[in-house]
Every structure is written in C-alpha cells, then in structure tokens.
Amino acid sequence: MMPGRVSIRAMGETAFDTIVATHHGEIFRYLRRIAWRAGEADDLSQETFLRAYRAWPRLTPDANVRAWLFTIATNVYRNHVRSEKRRQAAHATVRATGRELDLNGPEEEAVADETRALTQAAIRQLPLKQRLAFTLRKLHELDYEAIGQSLECSPDSARAHVFQALRKIRTTLNGYALPQTESTR
Amino acid sequence: MTSKPRVCVAIEPDLIAVATGEAPPPAAERVEDHVAQCRSCRDDFERYRAIDVAVGSLRATAPPPDDIEAARQRLIARLADLKTRIVSYRAFESPLGRILIGSSEHGVALVEYLGDGGVAGSRLFRMTGVEPHEDGAELERLGRELLDYLAGRRTRLDWALDLRAARSDFERAVLEAAAAVPYGAVESYRGIAGDLGKPEAVRAVAQALRHNPLPIVVPCHRIIGSGGDLVGYAGNRLGLKEQLLAVEGVPTLHERTPRIARRSLYHYEPNPSREYCLPTCGDIARRPIGMLFSSRAQAEAKGLVPCRDCHPDLYPLPQ
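Line by line, the protein sequences give chains A and B.
Residues 1 to 185 in the numbering used here are what the first sequence spells out, letter by letter.
Residues 186 to 504 in the numbering used here are what the second sequence spells out, letter by letter.
FYI, nobody ran anything at the bench for these hints, they're computed from the structure.
This structure is a prediction, so every number in the text was calculated from the model and none was measured.
Any given hint might turn out to be false.
Stretch by stretch, here's where chain B covers chain A in the computed footprint (C-beta under 8 Å, at least three residues) [stated by the list, open to error]: (1) 34-48; (2) 53-67; (3) 70-78.
Backbone N, C-alpha and C fix where the C-beta goes; we use that ideal spot for every residue, glycine too.
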C-alpha cells in the first residue's frame, strides 16, 4: 500500500475542466469567425486550450480567465496566419476580391440578412488587427483593456482599431442599399 | 469624395460611438443635435446604425451546436493526453542540498538530489513520454512539506505518488514495499525480498531501490544491509542516508562504515506469533536483520506484540 492518496492536482484539474466547459464554446465561435476555413477553428481552439493548460499554473488567481483565453486564442491565430502566409501566398486570392464583396448567402434572403451578409463580407476584408479588434469588441463584447491585451496594444489603440474598422465597413458598404433603422425620423 | 465641414469631422468619432452603442449620454445629445441639421451626417449615422444592427444579428449566429460539441470532445481527448505527459517541477534548497520535485496529475513522479548539473542535469529531461514544466505555486506546498520533514517537524509525506519512472512491475512492488516501512524503523533488503515472497531476490531489491525515483518519499533510506551496514544511497552518499535516519531517531554508529546501532533498537524477524524483541533476546542482534524499530509504539503500530521471553513491554530500551 502506498501512503496517502490525496491527489495534489485533483482540485486544479477540476478547475481547468470547468474552464473548458465554460469557455470552449465561445473561444471556438471566435476562432470560427476569424479563421478562413471552418476546419481551422477546430485545430486552433485545441491549440488555444492546450497552451492555456500549460500556462495555467502561472495564472494569478484574480486573473480574468475569459480575457486571458481570448488573448491566447488571438496569439494562436496570429501565429497561424503568419505561418500560413509563409507557407503559401494563397491568401492573395482571398484579398484579391478587392471591392467586390464575396457573398455566399442565397440571393432571395431578406434585406436584413443581406445586410448581415454584406457586413460579414466587409469584416472579412478588414486588415488583420482591425478585424480582430472589431470581432473582439462587437461580436464578443470584450472591453478595450482586454482587447489591448490580446493585440499587444493600449486600450486606446484597440478602440482606434475598432473605429477604423467601422469606418472601413461603412465605406465598403457605401454602394449598397442598407435598410432604414428605427432611429430614422 | 468631397471634404467634410470641420464640425462634421470633429463629431465623427462620437457619431460612430453613438450609432454603435459605445458612447455615454452627453455625446448622444451632441450627435443628435448635429444630425438633426446635417443631412450627410444623418445618412452616415443611419448607415452605422444599420451596420450595428447587422453586427448584432451576426453576434447572435453561432456554428451548429454539434460542431462545437465535436470540437470540445476532441479537445478533451487531447487534454487528457497532455495531462498524462506533463510533469511540473521545481528545485528547492534543503539541508541535504538542492532537491528537485516533479509532479504529474497522478501525484509526485520524481524527487531527485540535484548534482553539479543542476536542474538541467535532472533525469526528468531524459524520461520518455514526459513534458517537463517549470512550476511555482503548485509545488510550493510540496517543497515546504519536504523541508518540514527534513527538519523533523513532520513524520509523514502523504503524497499521491506517480510511479511512472519505475521500470518494471517488480520495481514498483519493491518501491511499494519500501514505502510501507514506517517512520523510525528500518528493514533489510533481505527483509523486503522476503516480504515480496522472493527471498532470493535480495540483489534485485537493492537494484530497484538504487533507481528509486522518489527518495525520501519512498523511504529507501530505511532499507539497510542485513548486517546493519547502511549500504549505498544516492550514488554513494551514505551521509545523506545517515542524516535522514537521524531525523527519524534511528541511531547509527561510525565504525569502518556507518552502521545501524542495532543494540539501541527493537528487533523483529518474521515469526508466527508476530512478536518483537529486545536486542538482548537470545542472539537476535547477531542474526541477519529483519526489521528494527526505534520505539515500541512503531512496532505495535505494525501489528506486532511484545516477545513473551524478553518482555520489551516490561523492560523498554532507554530513549
């Protein structure tokens, strides 16, 4: 018989399992939104949580776990983009869509859905940092502090990226009719 | 594009902020006043509103739950694999020199006296299927308990153990048998071999303990030669073995080689009535050592009873 069987990691293990249970869905959605191919999000989210698990013992107890995971996911994605670029210039084809928005939604969808598809396509054309800042802010509602942490910039720069992204999206959509909203008088 | 009036340029950030729900009320008032009289900015405002509404509906769309669940299951499988590989470690200064402790999800996997090579020379980096991770917080408690133990402030290290570094089932069995030798007691290699039902395997027992990945915790320092010699430890650092035994109150003698002071200890050699004896009981102190105890309480905690010939209960050894 071995002496005591109280596993020293037991409590910690449970806590990380809870982190996975709580945050995996959102991190997966985030990566799914920013990745070019659906299958990438799977690999990238696994990579994110494996890294998080390794770094987790060094995380301070009062840390914002959600913001921390978004930071790791963003880093994983940016590294991925970098290595993709190095490996192939295939992104050029995506970028080369230029002014024409690449809509893959069905034509007969309602106007609101068309605006959504146009907006999504416009988001895809944003430069990387703006696209990430915009996604973190507008689709995942992170605060600028956390976004700055993710993008290694100040909260003010993070805010500037988001606003620049909004201007670009508006400019991209200038040629398209957008529905009137309730605030119209 | 024509250039905008300066007032429109100035209010643009607020306009975007208000349209997309980023601005506090005072800005909202300013923007409202401005768009009421500026046609072009009103259009911009409307477009930003429309974009914000579209973004809101994008926020609400999610990949099918099945996709997320499948991805989560793949992640859990990979995490489980990683968890089995990770061994966190940290080195501590101790009265016995620098000691490295490595711990996996199953328990403590390695305790090592670090040599001149320091942490980099640790056998942790040569173990197969192990991903070493330097770690502070988690191992802090283990290090503290180990130091308490070495200072005699604690007699047990109730740690879950991960015996992955044991190279065979036999080694594992030897380590478990050694772990069963109580604090303040010693047993011979021969006694362990007997416990395992392999009395001929004395050398194999010694070999297994030589590779003990968990010294101190698996107290191989409590295992001695059957004549009372301390015999090898951590290479040939018998001094460490002696210090560890001294902490536990097991006296040693300095003759040609360090030896257990048998005559200060209670003796036990396997017998049907499980009796333990004084060292003066017949020629027991000259026969090969089975187990020795520094107190009666330890012997009796092992389920042993006082010998009815020499009566250690009536004539206890001086403390």
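Hint check:
| no. | hint | result |
| --- | --- | --- |
| 1 | 34-48 | holds (count 5) |
| 2 | 53-67 | holds (count 4) |
| 3 | 70-78 | violated (count 0) |
Comparing the model with each numbered hint stated earlier shows that hint 3 is the single one that does not hold.
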